[in-house]
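Here my numbering is used: position 303 in the sequence shown is 303, and no number is missing along the way.
I should point out that these hints are in silico values taken from the structure, not numbers from a laboratory. Treat the numbers as computed from the prediction; the structure is a model and nothing was measured. Take these hints with a grain of salt, some might be off.
[As the list claims (entries may be wrong)] Under the rule of at most 25 angstroms between Cα atoms (straight-line distance), these lysine-lysine pairs were calculated in the DSS-like manner:
| hint | residue 1 | residue 2 |
| --- | --- | --- |
| 1 | Lys-377 | Lys-362 |
| 2 | Lys-341 | Lys-393 |
| 3 | Lys-377 | Lys-450 |
| 4 | Lys-66 | Lys-78 |
| 5 | Lys-450 | Lys-66 |
| 6 | Lys-390 | Lys-450 |
| 7 | Lys-428 | Lys-211 |
| 8 | Lys-428 | Lys-78 |
| 9 | Lys-293 | Lys-69 |
| 10 | Lys-450 | Lys-362 |
| 11 | Lys-48 | Lys-69 |
| 12 | Lys-61 | Lys-393 |
| 13 | Lys-293 | Lys-324 |
[To be verified] Derived CB-CB ranges, DEER-like:
| hint | residue 1 | residue 2 | range |
| --- | --- | --- | --- |
| 14 | Asp-47 | Gly-87 | 19 to 25 angstroms |
| 15 | Asp-47 | Gly-409 | 22 to 28 angstroms |
| 16 | Gly-242 | Trp-75 | 29 to 35 angstroms |
Ideal Cβ positions, reconstructed from N, Cα and C, are used throughout, including at glycine.
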Amino acid sequence: MFYGKMSQIGIRYKMKTHIILLIALLNAAPAAYGEADEKEKLQLSLDKAVYLALENSEELKIEEEKRSKTHNTYWEIKSSVFPQVSGMASLDNYIESPVLNFDMGMGPVSIPLKQEWDTRYGLTVSQVLCTFGKLGNGIRIAERAISVSDLSVNAARNELVFVAKQMYYTMLFTSENLRISQESYDNAQNNMRVLREKYKGGRVSRMENVKMEADIAMRYTAVQQARSAYDEVEVSFRDLLGIAEGSEIAFTDFFPQEFQEYDTEDLRNRMLEAEPVTGIMRANMELSRLAVKHARSDFFPVVAGYLSYSYAGNSEEIYDNMEKEVIAGVRLDVPVWDSFKRYSSLRKSINDRHIAELEYGKRIRQVDVELESILAKYERLIDTYNASLKAEKLAEESYAIAFAGFRSGVAGQSALNDAEIQLTSAKKARIGVLYEISITNARIEKLSGKGVKR
């Protein structure tokens with residue numbers, strides 16, 4: 001009997017041990033799964049977001065292909081400076097040919113004007129000697145076009161860096177807005193719990209209960225709207241960076257909390273020097289001046305030298321009676337009259353030059369106005385942010401006082417609800433100002449050409 005009881009105790013002990021181990025494994029499994037999920041999250045900093053946007057951009061790749069095309073055009077034009085070699089070969093068989101018939105008093109005589117076979121092959125070398133500026137200006141135009149294409153790539157890169165930063169900050173803003181809306185919803189539910197605790201011994205009045213339920217419903221609607229805004233921005237953000245739908249994003253950077261100070265004159269000089277759009281307009285102005293010189297050179301002749309070597313002959317058999325022929329000479333092409341075609345082309349080039357100069361001057365004035373406006377906005381936003389910090393702190397104190405008063409019965413439900421709404425509004429206002437400051441700062445960096453690849 002004793003040993004039987006002992007064996008039963010041993011069996012129970014083993015069963016308890018197995019149950020404890022099973023519970024431990026079940027508890028450990030979610031934790032391990034959670035760690036795996038955490039590792040699968042894409043840790044995304046602002047710099048990494050910019051990098052992914054640049055790597056994923058078709059627009060940037062298109063501009064780079066256009067730049068490569070411009071380089072090829074340059075070498076196409078420059079090739080005219082070097083000797084041009086061409087070869088030719090022909091083999092003709094005259095099945096029927098003209099015949100010369102005449103009578104010399106001894107009867108009609110027929111002499112074919114062509115032999116049965118006519119053969120020619122050879123090489124020709126030509127070299128431009130003088131174009132009076134046409135070829136030189138064409139090459140300089142092609143060189144300037146390369147500079148414009150480089151600036152176009154930088155402009156696309158600079159714009160893309162700004163868009164990536166803007167989208168990153170927008171994701172942060174919508175994420176924070178969702179978090180604050182969720183906190184407001186949690187506060188409303190907490191207020192309901194306090195209301196029910198106050199009437200623990202009795203029944204909550206219908207008016208207070210309905211009003212509290214309405215407050216909760218309003219905050220739930222705000223949460224859903226915030227979540228919808230976040231989801232909508234996330235779709236565009238993933239598309240911009242090329243991030244798959246299944247991966248979860250963890251943002252490692254936040255809005256800048258320290259604000260940079262800018263010197264207006266220094267920033268203006270950097271904008272004129274490094275900002276790609278301004279650089280493109282300046283290069284186009286120089287390009288238009290070269291185009292005028294090129295159009296003027298069309299009025300002058302072109303001098304070229306050539307050397308031709310050929311091996312030719314004609315006979316009744318192929319390759320019979322072949323003879324060498326070597327020709328060397330200088331060719332002068334002189335434009336005489338084209339019914340004002342070259343003159344009209346010159347006038348159009350002058351018009352393009354005037355337009356480019358006016359557009360560049362207009363851009364300089366726009367830079368000054370835009371710079372003054374954006375710096376003034378930046379300073380106002382910083383002042384607004386400092387005020388929003390104070391407003392949020394006071395709203396937190398007000399809500400804490402109202403919550404304590406409501407719990408003790410001193411404050412009413414309306415005062416508590418107003419204090420919570422004020423706190424939520426203050427939090428969203430602070431995040432909104434931080435968002436505006438970050439976007440404005442990114443726009444200043446764009447104007448100064450910070451996104452340009454050095």
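Status of the hints after comparison with the structure:
Distance check on the hinted pair: Lys-377 and Lys-362 sit about 22 angstroms apart at the alpha-carbon level, within 25 angstroms; holds. Simply put, Lys-341 and Lys-393 have alpha-carbon atoms about 76 angstroms apart, too far for the 25 angstroms limit, and the pair is violated. The hinted pair formed by Lys-377 and Lys-450 meets the criterion: a straight-line CA distance of about 20 angstroms does not exceed 25 angstroms. A hinted pair counts as satisfied when its Cα atoms are at most 25 angstroms apart, and Lys-66 with Lys-78 qualifies at roughly 18 angstroms.
With a CA separation close to 23 angstroms, the supplied pair Lys-450 and Lys-66 stays within the 25 angstroms bound. This hinted pair does not check out: Lys-390 and Lys-450 have alpha carbons roughly 33 angstroms apart, beyond 25 angstroms. Taking the CA atoms of Lys-428 and Lys-211, the gap is about 24 angstroms. The hint holds against a cut of 25 angstroms. A threshold of 25 angstroms between alpha carbons decides the hint, and for Lys-428 with Lys-78 the separation of about 61 angstroms lies outside it, so the pair is violated.
This hinted pair checks out: Lys-293 and Lys-69 have alpha carbons roughly 24 angstroms apart, not beyond 25 angstroms. At most 25 angstroms may separate the alpha-carbon atoms for a hinted pair to count; Lys-450 and Lys-362 meet this at roughly 23 angstroms. A hinted pair counts as satisfied when its Cα atoms are at most 25 angstroms apart, and Lys-48 with Lys-69 does not qualify at roughly 30 angstroms. Using a Cα cut-off of 25 angstroms, the hinted pair Lys-61 and Lys-393 is violated, with the two alpha carbons roughly 48 angstroms apart.
A hinted pair counts as satisfied when its Cα atoms are at most 25 angstroms apart, and Lys-293 with Lys-324 does not qualify at roughly 44 angstroms. For Asp-47 and Gly-87, the hinted distance range of 19 to 25 angstroms is not satisfied, since their beta carbons lie about 57 angstroms from each other. About 54 angstroms separates the C-beta atoms of Asp-47 and Gly-409, a value inconsistent with the hinted range of 22 to 28 angstroms. Distance hint for Gly-242 and Trp-75: a CB-CB separation of about 34 angstroms, consistent with the stated range 29 to 35 angstroms.
In summary, the numbered hints that this structure violates are 2, 6, 8, 11, 12, 13, 14 and 15.
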